[in-house]
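Here the structure of chain A is known, so what remains is to put chain B in place on it, guided by the hints.
Now for the letters of each chain:
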Amino acid sequence: MTAQLISLFATETFEVPANIAFSIIAIFMVIAAIRVVTTDNVVHAALWLMVVLGGVGLNFLLLQAEFLAMTQFLIYLGAIIVLFLFGVMLTRAPLGRSDNLDNKQRPIGIVVGLLVLGLVSYAVIKTFGSDKLDFSAYDGSQAVAGNNRTQALSDAIFSQYLIPFEVISVLLLAALIGAIVIARRD
Amino acid sequence: MTTVLAADWAYWQETLVKVGLGLVAVLLLTGAVVYMYLFKFVSFMQSRLGPMEAGPYGSMQLLAEVGKWLQKEDIFTENSDRIVFGLAPAIVMSSTFLMFVVIPAGPNAVISDLGTGIYYVLAMSSIATIGILSAGWASANKYSLMGGLRAAGQLIAYELPLVLAVVGVVIQVGSLNLQDIVHAQSDGAIFGWSGIGNPFILTQFVGFLIFLIAVQAELTQSPFDMPIAESELVGGYQVEYTGIRFLVFFIAEFATAVGFAAVASTLFLGGWALPADWASASTMHWLGPIVISAKAVLLVGVVFWVRFSLPRFREDQLQQLAWKFLIPVALLNIVVTGILKVAF
Chain A
1 MTAQLISLFA TETFEVPANI AFSIIAIFMV IAAIRVVTTD NVVHAALWLM
51 VVLGGVGLNF LLLQAEFLAM TQFLIYLGAI IVLFLFGVML TRAPLGRSDN
101 LDNKQRPIGI VVGLLVLGLV SYAVIKTFGS DKLDFSAYDG SQAVAGNNRT
151 QALSDAIFSQ YLIPFEVISV LLLAALIGAI VIARRD
Chain B
1 MTTVLAADWA YWQETLVKVG LGLVAVLLLT GAVVYMYLFK FVSFMQSRLG
51 PMEAGPYGSM QLLAEVGKWL QKEDIFTENS DRIVFGLAPA IVMSSTFLMF
101 VVIPAGPNAV ISDLGTGIYY VLAMSSIATI GILSAGWASA NKYSLMGGLR
151 AAGQLIAYEL PLVLAVVGVV IQVGSLNLQD IVHAQSDGAI FGWSGIGNPF
201 ILTQFVGFLI FLIAVQAELT QSPFDMPIAE SELVGGYQVE YTGIRFLVFF
251 IAEFATAVGF AAVASTLFLG GWALPADWAS ASTMHWLGPI VISAKAVLLV
301 GVVFWVRFSL PRFREDQLQQ LAWKFLIPVA LLNIVVTGIL KVAF
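First to last, the protein sequences are chains A and B. The numbering of the first sequence is my numbering, which starts it at 1 and goes up by one. The numbering of the second sequence is my numbering, which starts it at 1 and goes up by one.
The hints are simulated quantities; they were obtained by calculation from the structure and are not laboratory data. Among the clues, some could well be false.
[What the hints assert, rightly or not] Computed beta-carbon distance windows for the label pairs:
hint, chain 1, residue 1, chain 2, residue 2, range
1, B, Thr-242, A, Gly-87, 27 to 37 angstroms
2, B, Thr-15, A, Gln-151, 21 to 31 angstroms
3, B, Leu-21, A, Ile-27, 29 to 39 angstroms
4, B, Gln-71, A, Ala-183, 47 to 57 angstroms
5, A, Lys-126, B, Ile-290, 55 to 65 angstroms
6, B, Pro-328, A, Ala-183, 16 to 26 angstroms
7, B, Phe-325, A, Ile-163, 28 to 38 angstroms
8, B, Thr-242, A, Gln-151, 42 to 52 angstroms
[Said to hold, decoys possible] Which bits of chain B does chain A cover? Going by a derived footprint, with three or more residues having C-beta under 8 angstroms, they are:
hint, segment
9, 77 to 90
10, 107 to 119
11, 126 to 138
12, 145 to 155
[Claimed, not checked] Some residues of chain A that are not near chain B, with every Cβ distance over 12 angstroms (derived):
hint, residue
13, Met-29
14, Leu-47
15, Leu-119
16, Gln-160
17, Val-167
Heads up, the beta-carbon is just placed ideally off N, CA and C, and yes, glycines get one too.
So that you can see chain A by itself, here it is in the shape it has in the complex (with noise of 0.2 angstroms):
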């Protein structure tokens, strides 16, 4: 037993030890996920909130797809989580326990989640279902590997898909003048 153990961590495939790890990522944040909701002080539910995108994160690390995590750290633990926090404690940030931050629309939040759930399950696993992560790419050439990964990113983001870019720059620059326009009464 010990030794076909052994023999498991000893192959030159990453595929075991990416398992292992992504099973304890998914762990802390399937609990965190449930913090965020069910916590009883705004402050600590941004807080889980972070341990939920840093698990995003590590898991993109996971698909050795590095510049993505390096976004998501960067745009949701350097940025969102910060504007989260410091919007909350501009606002309304008690400390300890509050009783109003809880309603009565936990029956269709459950539907919707899990509609969401199967709607995203169901996609996933038509598109990708029999596909395999070739980890024996993994050579421990990382910085070669990962700039390749990274320009191969960059070229289809500004080849192939540069409509799209385009267009996605646009609809971001509208929400913001939007929220702009929004926020400024005057």
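Just chain B now, kept in the frame of chain A:
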């Protein structure tokens, strides 16, 4: 399996040694910087001697201070949120130390040579803001909360020029990897003359200045020290921290200074490399760490020089400097660099 010091080590052994050596190097440099600049340099600028009692010329003063902090009582204020209050210094500290993972100190002397090098550094350094905000909130003290909010507003504002200033260098090199950036500078040439390589401080001087200003603000050093403005907020988000938790904030502050200085010297001053063929590749294995340490310590000196020379900005002046001056100039720098890159 890679060869370190002519010995075949497993991956975990190698990682352990690298992390250990990295920690020692960072803490040594941080201690040296605190002694040289915070104790002695500022004393010289203010016409006083500074610490003289502990060790020759007070050189053991820092150890005495650390000993003092370690034996102090670990106080939680009565209304504080104990868990968040305790975790906040850890978040700031890990953000600081994770920065150093990709900074190269020699041809092989890097903990992990990530392909996204500089992007990783910026991502990790931005996480410290969460720690500072939650420290300010969990202290249950309005001065702390105001300090935390000021810090967050400032760090968000100066994150942008920091990132945008780096883009110019990345465009010139065509890679995010820090080793590639170092090699591009040491192998480069100025109009065909390769005497000193091509340090990007020459071609990206605007980017270098913006980077240094943004670093000054990210470190919340004067003139950008409103988050801990002692005459208004007592000590900002650090007010309620004592003992070892304050020590962690203190180390993180100066280790971040060393980290950003090392990043700046890698991006703009040629990193661990000496240009062209001044030293053979095998020499650089031991000379490289010395070269980058010297450059980093020099840049931290600039940070402290500015810190002790300029008075504090007003809050609105600080935000205007970032949004109305630094970001437009950084964007212009990117456009010009891009056009020149395509033209040549």
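Problem set entry | Assessment of proposed distance window 42 to 52 angstroms (beta carbons of B/Thr-242, A/Gln-151) | At roughly 49 angstroms between Cβ atoms, A/Gln-151 and B/Thr-242 fall inside 42 to 52 angstroms, so the hint holds.
Exercise. Does 27 to 37 angstroms hold as the CB distance between B/Thr-242 and A/Gly-87, or does it fail?
Worked result: 30 angstroms, holds
Problem set entry | CB-CB spacing for A/Ile-27 and B/Leu-21 relative to the 29 to 39 angstroms hint | 33 angstroms, holds
Exercise. Given a hinted range of 21 to 31 angstroms, is it respected by the beta-carbon distance of B/Thr-15 and A/Gln-151?
Worked result: With Cβ atoms ~27 angstroms apart, the hint holds.
Problem set entry | Status of the stated non-contact between A/Met-29 and chain B (beta carbon gap over 12 angstroms) | Label holds. Min Cβ-Cβ 17 angstroms, cutoff 12 angstroms.
Exercise. Taking the CB of A/Lys-126 and the CB of B/Ile-290, does the distance hold inside 55 to 65 angstroms?
Worked result: 57 angstroms, holds
Problem set entry | Pairwise beta carbon distance, B/Gln-71 to A/Ala-183, judged against the given window 47 to 57 angstroms | 50 angstroms, holds
For this session: Would you check chain A against the segment 145 to 155 of chain B, counting CB to CB pairs closer than 8 angstroms, and say if three or more residues qualify?
Result: holds (count 6)
Problem set entry | Claimed clearance of chain B by A/Gln-160, with the beta carbon kept past 12 angstroms | Non-interface label on A/Gln-160 holds, nearest chain B Cβ at 20 angstroms vs cutoff 12 angstroms.
Problem set entry | Verdict for B/Pro-328, A/Ala-183 (Cβ pair) under range 16 to 26 angstroms | 22 angstroms, holds
Exercise. Non-interface claim for A/Leu-119: all C-beta distances to chain B beyond 12 angstroms?
Worked result: 30 angstroms, holds
Exercise. Taking C-beta pairs only, is A/Val-167 more than 12 angstroms away from all of chain B?
Worked result: Per Cβ check, A/Val-167 is outside 12 angstroms of chain B; nearest 21 angstroms; holds.
Of the hints listed earlier, the one the structure fails to meet is number 14.
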